[in-house]
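As you go down the protein sequences, you meet chains W and A in turn. The opening residue of the first sequence carries number 294 in the numbering used here; numbering runs sequentially from there. The opening residue of the second sequence carries number 294 in the numbering used here; numbering runs sequentially from there.
You may find that some hints are simply not true.
Identical copies carry no separate label here, and so any pair may be met within one copy or between two of them.
[As the list claims (entries may be wrong)] Straight-line Cα separation of at most 30 Å, DSS-like style, residue types lysine-lysine; simulated pairs:
| no. | residue 1 | residue 2 |
| --- | --- | --- |
| 1 | Lys-342 | Lys-354 |
| 2 | Lys-421 | Lys-312 |
| 3 | Lys-371 | Lys-385 |
| 4 | Lys-322 | Lys-354 |
| 5 | Lys-421 | Lys-385 |
These are calculated hints, taken from the structure and not from any lab test. None of these values were measured; they are calculated from a predicted model.
Number of protein chains: 2
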Amino acid sequence: MKKIEVSRATLGRIPTYIKYLKNSYTEYKNISATTLAKELSLGEVQVRKDLAAISGAGRPKTGYNVTELLSALEDVIKSDGTDKVVIVGAGKLGRALLDYTGFREYGLDISAAFDIAVTNTEYSHTGKPIYNVSRFSEFCENNNVKIGIIAVPSNAAQQVCDMLVENGVRGIWCFAPCVLSVNSEIPVQYENMGLSLAYLNKEI
Amino acid sequence: MKKIEVSRATLGRIPTYIKYLKNSYTEYKNISATTLAKELSLGEVQVRKDLAAISGAGRPKTGYNVTELLSALEDVIKSDGTDKVVIVGAGKLGRALLDYTGFREYGLDISAAFDIAVTNTEYSHTGKPIYNVSRFSEFCENNNVKIGIIAVPSNAAQQVCDMLVENGVRGIWCFAPCVLSVNSEIPVQYENMGLSLAYLNKEI
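Excised from the complex, chain W in its bound form (with noise of 0.2 Å):
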């Protein structure tokens, strides 16, 4: 993955733009920043700012060229696929992420799930392994695994971060609503889902 600076708000407008030129470029060969927006209603402002930081300067008069457009798009969001995702913690939320299929919009997808009550290896829904937590180092010996997601309760989040860390992961995604201690290089996402309702009943 190229490692473009984006904003979380120009990422976040990326499936936007991969979506309307895929479905359109039957239709266009070239397709100007002010076309882009107007169809999306969208800040023209905004979209040509996007496309400056992820293609650079559209060609003047015809713009950007629809299919190098649609490839720098999706350099910036897709994973080559050889960074794997897995979870720790296959309770209801583990396994509901497990098969979400929204991550594959940004070229991701998780691998496996690893949890310390399921003693033979089950699967999911939509096929993916569900094993005992006592082969995740086998797994991450024979896999990239790049992010790690805890969900775990939070009083056992702390010993699966460490396991995480240890067997290499690179990133990790916490929903158990704790603060883990971890090497600073570590990036660490929390989402702390009761704390989002508790701030938005607030606002009301």
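Please build the complex by placing chain A on the supplied structure of chain W, with the hints as guidance.
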């Protein structure tokens, strides 16, 4: 619920304060921000600011009365229980949220789910009802539904949003990766799982 303005960061620490105080108020009658900070390994300035925002200044030398502080902290986060939260969309994610226990820490709980594919009322593992969506209006007439969670696919999200608003729901938490068109007086909080993972993946 008191309309005290606290930051999201402060709000996130409140359950920690409450847990600690509940476990230790046989030990202390009064507690200072300094002691609380030390016990919880938090910055003293941070704790002092949090408590001042929530419960005013502590008394010199003695600090805060633990019972009063607990009650002030709970007032900030606890819903009074008359406001209901419901989910529309009882797929895997919807059902995981329906039974998620982490909302209770903030005095919140999801009352029911609604789904177009559910014909006879079902019950989740924790006993929450899942109704056919045709019963949504009737449910809203009989319950003060404050927050609606959208957990349907993107192409159905706007229709669900309109239904929520028509039935008096005052805040929306949207898990569909889309942008909703809604009256600006109604706060909408988006939770785009695909985007969150893609963003973490880009950081590594």
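Worksheet item: Can you name, in rising order, the numbers of the hints this structure does not satisfy?
Response: none
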